[in-house]
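Engineer: Sequence:
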Amino acid sequence: MSDRHAVVQLDELPPKRCSCGTTRRAFVTESGGQASIHLLQVGDAVTHHHKVATEYYVVLEGEGEIELDGVRHPARPMSAFLIRPGCRHRAIGDLKVLLVSLPAADDTDEYFDA
Numbered sequence: 001m002s003d004r005h006a007v008v009q010l011d012e013l014p015p016k017r018c019s020c021g022t023t024r025r026a027f028v029t030e031s032g033g034q035a036s037i038h039l040l041q042v043g044d045a046v047t048h049h050h051k052v053a054t055e056y057y058v059v060l061e062g063e064g065e066i067e068l069d070g071v072r073h074p075a076r077p078m079s080a081f082l083i084r085p086g087c088r089h090r091a092i093g094d095l096k097v098l099l100v101s102l103p104a105a106d107d108t109d110e111y112f113d114a
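At position 3 of the sequence shown the residue is numbered 3 (full-length UniProt numbering), and the sequence of numbers has no breaks.
By construction, these hints were calculated from the structure, which means they are not laboratory data.
It is possible that part of the hints are untrue.
DSS-like cross-link-like pairs, simulated, lysine-lysine; straight-line CA separation at most 27 Å [as the list claims (entries may be wrong)]:
hint, residue 1, residue 2
1, K51, K96
2, K16, K96
3, K51, K16
For each label pair, taking beta carbons as the anchor points, the in silico distance ranges come out as [stated by the list, open to error]:
hint, residue 1, residue 2, range
4, S31, G70, 27 to 33 Å
5, Y111, R72, 18 to 24 Å
6, R72, R4, 40 to 46 Å
7, H73, V100, 15 to 21 Å
8, V71, A6, 18 to 24 Å
Remember, predicted model here, so these are calculated numbers, not experimental data.
Heads up, the beta-carbon is just placed ideally off N, CA and C, and yes, glycines get one too.
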């Protein structure tokens, strides 16, 4: 890594459990918290929302649905979704997703309905 670039192999990063399954997060620190990119394997997703982060999902593999504010949308390779702060969401099915978070992912910006 240099001051002007960073390189990672997403599928080789250590997995971390998250509300949508398992994620491999990159560039949280390197971006100074401005953005992060994730390789997300969907599994047992729980409906949640963010108060700060905007997320962009691009489905890479699989078939399923993305639920946005209670409405299910079909998801298949190359489907893309913009999820703004406050939108309650979850992914459903056997999906591999490229996720971009602005600002970078922050576990304290994750809220669940009671």
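Engineer: Could you grab the alpha-carbon distance between K51 and K16 and see if it respects the 27 Å cut-off?
Structural biologist: Status holds; Cα separation ~21 Å.
Engineer: For the pair S31 and G70, does the Cβ-Cβ distance stay inside 27 to 33 Å?
Structural biologist: holds (32 Å)
Engineer: How does the Cβ-Cβ distance of R72 and R4 compare with 40 to 46 Å: does it lie in that range?
Structural biologist: holds (42 Å)
Engineer: Could you tell me whether the CB distance from V71 to A6 stays inside 18 to 24 Å?
Structural biologist: violated (36 Å)
Engineer: Quickly compare the C-alpha distance for K16 and K96 to 27 Å and report which way the hint goes.
Structural biologist: holds (14 Å)
Engineer: May I ask you to test the hint 15 to 21 Å on the CB atoms belonging to H73 and V100?
Structural biologist: The hinted range 15 to 21 Å holds for H73 and V100, with Cβ atoms some 18 Å apart.
Engineer: Under the criterion that the straight-line Cα-Cα distance not exceed 27 Å, is the pair K51, K96 satisfied?
Structural biologist: holds (24 Å)
Engineer: Does the Cβ pair Y111, R72 satisfy 18 to 24 Å?
Structural biologist: Roughly 21 Å apart at Cβ, these two residues keep to the hinted range, so it holds.
Comparing the model with each earlier hint shows a violation of hint 8 alone; every other hint is respected.
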